[in-house]
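J.: Take the given structure of chain A and dock chain B to it, following the hints.
One line per chain: the protein sequences are A and B, in this order. Counting in the numbering used here, the first sequence runs from 1 upward without gaps. Counting in the numbering used here, the second sequence runs from 1 upward without gaps.
Errors might be hidden in some of the hints.
[Claimed, not checked] Taking lysine-lysine and the BS3-like style, the derived pairs with C-alpha atoms no more than 27 Å apart in a straight line are: (1) K237(A) x K384(A); (2) K471(A) x K38(B); (3) K171(B) x K237(A); (4) K112(A) x K86(A); (5) K237(A) x K169(B); (6) K382(A) x K319(A); (7) K169(B) x K112(A); (8) K4(B) x K68(B); (9) K351(A) x K384(A); (10) K471(A) x K146(B); (11) K303(A) x K319(A); (12) K68(B) x K471(A); (13) K112(A) x K38(B).
[As the list claims (entries may be wrong)] Only part of the chain A face toward chain B is listed, based on derived beta-carbon distances under 7 Å: (14) P111; (15) G138; (16) T431; (17) P460; (18) N463; (19) A464.
If you're looking for bench data, these hints aren't it; they were derived computationally from the structure. The beta-carbon is built from N, C-alpha and C at its ideal position, and this holds for glycine as well.
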Amino acid sequence: MAKTPKPNELIQIDLTPPSRDWEDPTVEFRPGTWNYAADPETLKYLDLPNPRKWQVSDEDWQLPENWQQIIMEGFKDRLQRFRSFKVFMDVCVRCGACADKCHYYIGSGDPKNMPVLRAELLRSVYRNDFTAMGKVFGKMAGGRELTVDVLKEWFYYFYQCTECRRCSVFCPYGIDTAEITMMAREMMNLIGLSIEWILTPASNCFRTGNHLGIQPHGFADSIEFAVEELEEVTGVKVDAPMNKKGAEILFVAPSADYFASPHYYTLLGYLALFHEIGLDYTWSSYASEGGNFGLFHSNEMMKRLNSKIYAEAKRLGVKWILGGECGHMWRVLNQYMDTMNGPADFLEVPKSPITGTVFENARSTKMVHVTEFTSDLIKHGKLKLDPSRNDHWRVTFHDSCNPARAMGLFEEPRYVIKNVANNFFEMPENTIREQTFCCGSGAGLGTDENMEMRMRGGLPRANAVKYVHDKHDVNVLCCICAIDKATLPPLLEYWVPGVEVCGIHELLGNALVMKGENDRSTDLRGTPIAEEADPTEEAVGESGTTKEGAKDE
Amino acid sequence: MLLKQQILQQREAIIESWRHAVFGTYPSESAKFLTGRKNRFANPVGQTIHDNVEELFDQLTEGIETSKATVALDAIVRIRAVQEFSAAEAVQFIFEIKNIVRRHISRSENGDASQQGIIDDLQDFDKRVDSLALLGFDLFMHCREKLYEIRTNETRRRHEKLMERLVAKDKTEHDDEASSEQDK
Numbered sequence: 001m002a003k004t005p006k007p008n009e010l011i012q013i014d015l016t017p018p019s020r021d022w023e024d025p026t027v028e029f030r031p032g033t034w035n036y037a038a039d040p041e042t043l044k045y046l047d048l049p050n051p052r053k054w055q056v057s058d059e060d061w062q063l064p065e066n067w068q069q070i071i072m073e074g075f076k077d078r079l080q081r082f083r084s085f086k087v088f089m090d091v092c093v094r095c096g097a098c099a100d101k102c103h104y105y106i107g108s109g110d111p112k113n114m115p116v117l118r119a120e121l122l123r124s125v126y127r128n129d130f131t132a133m134g135k136v137f138g139k140m141a142g143g144r145e146l147t148v149d150v151l152k153e154w155f156y157y158f159y160q161c162t163e164c165r166r167c168s169v170f171c172p173y174g175i176d177t178a179e180i181t182m183m184a185r186e187m188m189n190l191i192g193l194s195i196e197w198i199l200t201p202a203s204n205c206f207r208t209g210n211h212l213g214i215q216p217h218g219f220a221d222s223i224e225f226a227v228e229e230l231e232e233v234t235g236v237k238v239d240a241p242m243n244k245k246g247a248e249i250l251f252v253a254p255s256a257d258y259f260a261s262p263h264y265y266t267l268l269g270y271l272a273l274f275h276e277i278g279l280d281y282t283w284s285s286y287a288s289e290g291g292n293f294g295l296f297h298s299n300e301m302m303k304r305l306n307s308k309i310y311a312e313a314k315r316l317g318v319k320w321i322l323g324g325e326c327g328h329m330w331r332v333l334n335q336y337m338d339t340m341n342g343p344a345d346f347l348e349v350p351k352s353p354i355t356g357t358v359f360e361n362a363r364s365t366k367m368v369h370v371t372e373f374t375s376d377l378i379k380h381g382k383l384k385l386d387p388s389r390n391d392h393w394r395v396t397f398h399d400s401c402n403p404a405r406a407m408g409l410f411e412e413p414r415y416v417i418k419n420v421a422n423n424f425f426e427m428p429e430n431t432i433r434e435q436t437f438c439c440g441s442g443a444g445l446g447t448d449e450n451m452e453m454r455m456r457g458g459l460p461r462a463n464a465v466k467y468v469h470d471k472h473d474v475n476v477l478c479c480i481c482a483i484d485k486a487t488l489p490p491l492l493e494y495w496v497p498g499v500e501v502c503g504i505h506e507l508l509g510n511a512l513v514m515k516g517e518n519d520r521s522t523d524l525r526g527t528p529i530a531e532e533a534d535p536t537e538e539a540v541g542e543s544g545t546t547k548e549g550a551k552d553e
Numbered sequence: 001m002l003l004k005q006q007i008l009q010q011r012e013a014i015i016e017s018w019r020h021a022v023f024g025t026y027p028s029e030s031a032k033f034l035t036g037r038k039n040r041f042a043n044p045v046g047q048t049i050h051d052n053v054e055e056l057f058d059q060l061t062e063g064i065e066t067s068k069a070t071v072a073l074d075a076i077v078r079i080r081a082v083q084e085f086s087a088a089e090a091v092q093f094i095f096e097i098k099n100i101v102r103r104h105i106s107r108s109e110n111g112d113a114s115q116q117g118i119i120d121d122l123q124d125f126d127k128r129v130d131s132l133a134l135l136g137f138d139l140f141m142h143c144r145e146k147l148y149e150i151r152t153n154e155t156r157r158r159h160e161k162l163m164e165r166l167v168a169k170d171k172t173e174h175d176d177e178a179s180s181e182q183d184k
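One chain only, chain A, in its complex shape (with noise of 0.2 Å):
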């Protein structure tokens, strides 16, 4: 029997916890912090290689024989395939700009969290197997042996980033950390380590287009429903065409927006926007998820599962595509796809059907984001809009990692938004735009076993997301991601309790004035629309911005 330690031992705590080296690879896989692993059917589904039952909890990975021999082979592989990977691997200097900015790292601080060392873990493998000096001096010239504490050292910490690329912005050589992180993934899949919450949309998506595994029937009657529920709130029944050949815009949308809630409202406020311009377009029932979580897994299953885009665009026969509010989406589509599945020469450069603008910023991938759509509309004055209607929200947003950090995407959410609601405030400002913290479950991270992990990594996100609820009354974070909408609710439940998460077309959809519409008594979920707006509210749009943050910087 254990001993039992006397009072006076008990009060003895050490505070300090004990010093280890960085290169000790040893990890506590402490409950809530980690990732289930993979089905192994779902490996065999999608011909993965290596497929077998393994827990993170497990002591024995059941690694494949020649593990260290497979990866190795990766990384030789993949050092001469990417010349971005061989770059990044040798160029940092260690000069510690990127280390205080991911958002793992300040809400745990635990240095592996720092992007730099982070990407060390990988690095330091690099040098003793690649490099001449650590074949030759080994740990002395920085290198470690890849052993099985080190791999699960790989898994534990490259499944603690999120690939949102904010330690990016601060590098001097524009080390891409993301990248990092994506190659660490992809070597560890050669052996079978992948987890669940990737794979399984994964391979739903490959079989039925989208990450839910809905059929084209069930997604059908998912689009059907909503039009129904809309007619309800407003009193218009809107058409929604579903694989309509020949329409002039294919709509992509994440599958997150006809099942979750809070996304089911942007849904509604999509459709009621494309019926009241009279858009001639059409939703297709194979392309019926715009995210893509093969961006977290490989670059092949990214290609994979992001091809039936351009297919379904050329089967439908459609002029170009217009795509919905989702975050990794849109890096996919805005920076992979062109390459990856095109080119899409069978489209026509996008032309807005109802203002003549051309989208010269599309021309390659043919793809428009709904946002720069309706905002081009917003300022063409062809929308009919009462912003009161928003009035009972005081509205805030989070610029999204990926439309924020992978397209510049930063004044056209912001205008649609001013537009629609007459309270809107800015969170301080380097918290927001390029510099936006990440919901910190992004990247394939956001399942609810890590959730400890999740509440740590967006804590920064929501500090400032508090700060504008004591100081302005905020009570609604919009975004235009389908994760954030799905894990910033949580997060905020857990660090500022009464701030609730919204889409930009939600709001858009609240403010549309339809023709033919009923006296619009409550807003898209329901609830009661204010009557009449306080004349003691502040104003809207540009003087309702305010800037902070950075001056004590």
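T.: Chain B alone, transformed into the frame defined by chain A:
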């Protein structure tokens, strides 16, 4: 009163020592960051600890006002409840103020922790620290329970509209069956 005078004379030094004790519970590389950057948005953990330790100190010296003490303590404990700490480790820093105060008194020129008046005052002070610690445990538990509640709520939201539809469909089918039974 004797104790209070002595404590207040060294207010800043005691608060700084207490902050140091809290930051000392983090790995040394991170402690430097947490104490270094003064921007509340770039360093929310550091700033939360910095500001609220001071408030807690004032509560202990001026008398605990539960609502204020709860806000200040919650801000710190809420963070530590999701970091790598056990329940004991998360709130242990509260007890630490007892040692810090004693250390500072014994170091001061006219301070004498064995003076009868001081001993009595210290007992009162310790009681306040203990009640703050008990509050800390409550807050820690509340945060941990909240985490589990959040997990459940998230699962519900994920398929909320799907569930609504299934319930509506089920109800329609049920009503249809009931009306056809009536027709018979």
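J.: Now tell me, hint by hint, if it's right for this structure.
T.: Each hint, compared with the structure:
| no. | hint | in the structure |
| --- | --- | --- |
| 1 | K237(A) x K384(A) | holds, 18 Å |
| 2 | K471(A) x K38(B) | holds, 20 Å |
| 3 | K171(B) x K237(A) | holds, 24 Å |
| 4 | K112(A) x K86(A) | holds, 22 Å |
| 5 | K237(A) x K169(B) | holds, 21 Å |
| 6 | K382(A) x K319(A) | holds, 22 Å |
| 7 | K169(B) x K112(A) | violated, 50 Å |
| 8 | K4(B) x K68(B) | holds, 20 Å |
| 9 | K351(A) x K384(A) | holds, 21 Å |
| 10 | K471(A) x K146(B) | holds, 25 Å |
| 11 | K303(A) x K319(A) | holds, 22 Å |
| 12 | K68(B) x K471(A) | holds, 18 Å |
| 13 | K112(A) x K38(B) | holds, 22 Å |
| 14 | P111 | holds, 4 Å |
| 15 | G138 | violated, 24 Å |
| 16 | T431 | holds, 5 Å |
| 17 | P460 | holds, 6 Å |
| 18 | N463 | holds, 4 Å |
| 19 | A464 | holds, 6 Å |
Against the hints set out earlier in the document, violations occur for numbers 7 and 15.
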